[in-house]
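Make a model of the complete structure from these sequences and hints.
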Amino acid sequence: MYSYEKGFMKYLERYNGWLHLIGWVVYIASPLLFFSFSNTWFPPNFGSFLLSKLAGDALLIAFFYLNLQRLIPNLLSKKDVIAYVGAVAGALLIYLIANDLLMQWWRMNRPPMLGQVPPPMPPPSGRMPVRPPFGAIGPPQITAFLSFCLITLASSMIALVRDRLREREEKQQIQLEKIAAELAVLKLQISPHFLFNTLNNIRWLTRQKSDNAEEAVVKLSQLLRYVIYQANHERVPLTQEIEHLQHFIDLQKMRLTEQNSVSFVCEGAIERHQIEPLLFLPFVENAFKYGLHSQQKSDILIGFRVDENHLLFFAENPIFENNLPKEGASGLGIKNVERRLALHYPQRHELHIYTNATTFRVELSLELAP
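Numbering (our numbering), first residue to last: 869 to 1238.
Hints may contain errors.
[Claimed, not checked] 30 Å max Cα-Cα, derived DSBU-like pairs, lysine-lysine:
{"hint": "1", "residue 1": "1039", "residue 2": "947"}
{"hint": "2", "residue 1": "1077", "residue 2": "1121"}
{"hint": "3", "residue 1": "1157", "residue 2": "1077"}
{"hint": "4", "residue 1": "1157", "residue 2": "1203"}
{"hint": "5", "residue 1": "1039", "residue 2": "1077"}
{"hint": "6", "residue 1": "1157", "residue 2": "1039"}
{"hint": "7", "residue 1": "1203", "residue 2": "1121"}
{"hint": "8", "residue 1": "1077", "residue 2": "947"}
{"hint": "9", "residue 1": "946", "residue 2": "1077"}
{"hint": "10", "residue 1": "921", "residue 2": "946"}
[To be verified] Simulated restraints on C-beta separations:
{"hint": "11", "residue 1": "973", "residue 2": "1013", "range": "18 to 24 Å"}
{"hint": "12", "residue 1": "1090", "residue 2": "1139", "range": "45 to 51 Å"}
{"hint": "13", "residue 1": "1207", "residue 2": "933", "range": "57 to 63 Å"}
Just so you know, the hints here were simulated from the structure itself, not pulled from any lab data. Backbone N, C-alpha and C fix where the C-beta goes; we use that ideal spot for every residue, glycine too.
Okay, structure coming up:
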């Protein structure tokens, strides 16, 4: 629910009290305003009328929140329809009886209508003035019934919208948690592959009795420290990510021959940007894995170009027939990167892979946050 729905929920939560207050003021005042501007009828003894109306409205307001906060969540949402209908019917009966009593009280306290001529003599002994019997159905009772139905419908609609928005928010939260777990798995799939290749490089240096073996162990410890402590972050400084790649490239250079060369270039203001960690490593790994040959000249080119909020990463290596990956043995790292790009940079990335008979080139374009 990100976007409109999440913003709408935050707005409702922030101004919920004020919205309810304004709504009730409008509901209570609108009939009074109608009567005050109407020339056809105005209740005599307005004070008694106002008290009886406010008492009836207080009952409706109480049922509104009872239905919104208790009946719907505890009964209707749990599919206990019979209990819910019974509770609403009971509340309706109580309200109609209370409203009828209030109307009787108001009638007993109101003076004669303006212009009405009082009777010339009191009613016969033992008889009271004719009043509507208690429980009789007339316009006041019908109005009370419709008001109760309106309040029930309004509170039910608000509860329905609230529950739907909460349900969507919960589903999206679950989806975000699944995505976070998936990203963690993707990173773990990348890191062991990287570690395996690096240990192979150190083993090769050890067999060659190279003086670079100790330096390689130091470089590896720096790489592992980065993977362990930085890979769990959602974003890392671009400078740290480039430094991590530089350490990896330095390790790879230790086993290069005179036939091999590596160029690593960085252009633009890389200091002020952040990036998803371990995003470029699979491409660099592939460049060294498939782009080096012990007896043929091979040049690997890796670089970054940053222009404002636009980043371009590229990795280019030659293709050798005997270095081509076996079926099913390649592509996992790149597929993982594609999935992470779709999750972290939707509509803000372009990944292009170019290949011909002699060259393999990857270009990744990202729109970074300002």
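Cross-check of the supplied hints:
{"no.": "1", "hint": "1039 with 947", "in the structure": "holds (21 Å)"}
{"no.": "2", "hint": "1077 with 1121", "in the structure": "holds (16 Å)"}
{"no.": "3", "hint": "1157 with 1077", "in the structure": "holds (22 Å)"}
{"no.": "4", "hint": "1157 with 1203", "in the structure": "holds (17 Å)"}
{"no.": "5", "hint": "1039 with 1077", "in the structure": "violated (57 Å)"}
{"no.": "6", "hint": "1157 with 1039", "in the structure": "violated (42 Å)"}
{"no.": "7", "hint": "1203 with 1121", "in the structure": "holds (26 Å)"}
{"no.": "8", "hint": "1077 with 947", "in the structure": "violated (75 Å)"}
{"no.": "9", "hint": "946 with 1077", "in the structure": "violated (73 Å)"}
{"no.": "10", "hint": "921 with 946", "in the structure": "violated (35 Å)"}
{"no.": "11", "hint": "973 with 1013: 18 to 24 Å", "in the structure": "holds (19 Å)"}
{"no.": "12", "hint": "1090 with 1139: 45 to 51 Å", "in the structure": "violated (20 Å)"}
{"no.": "13", "hint": "1207 with 933: 57 to 63 Å", "in the structure": "violated (47 Å)"}
Hint compliance for this structure: hints 5, 6, 8, 9, 10, 12, 13 are broken, all remaining hints hold.
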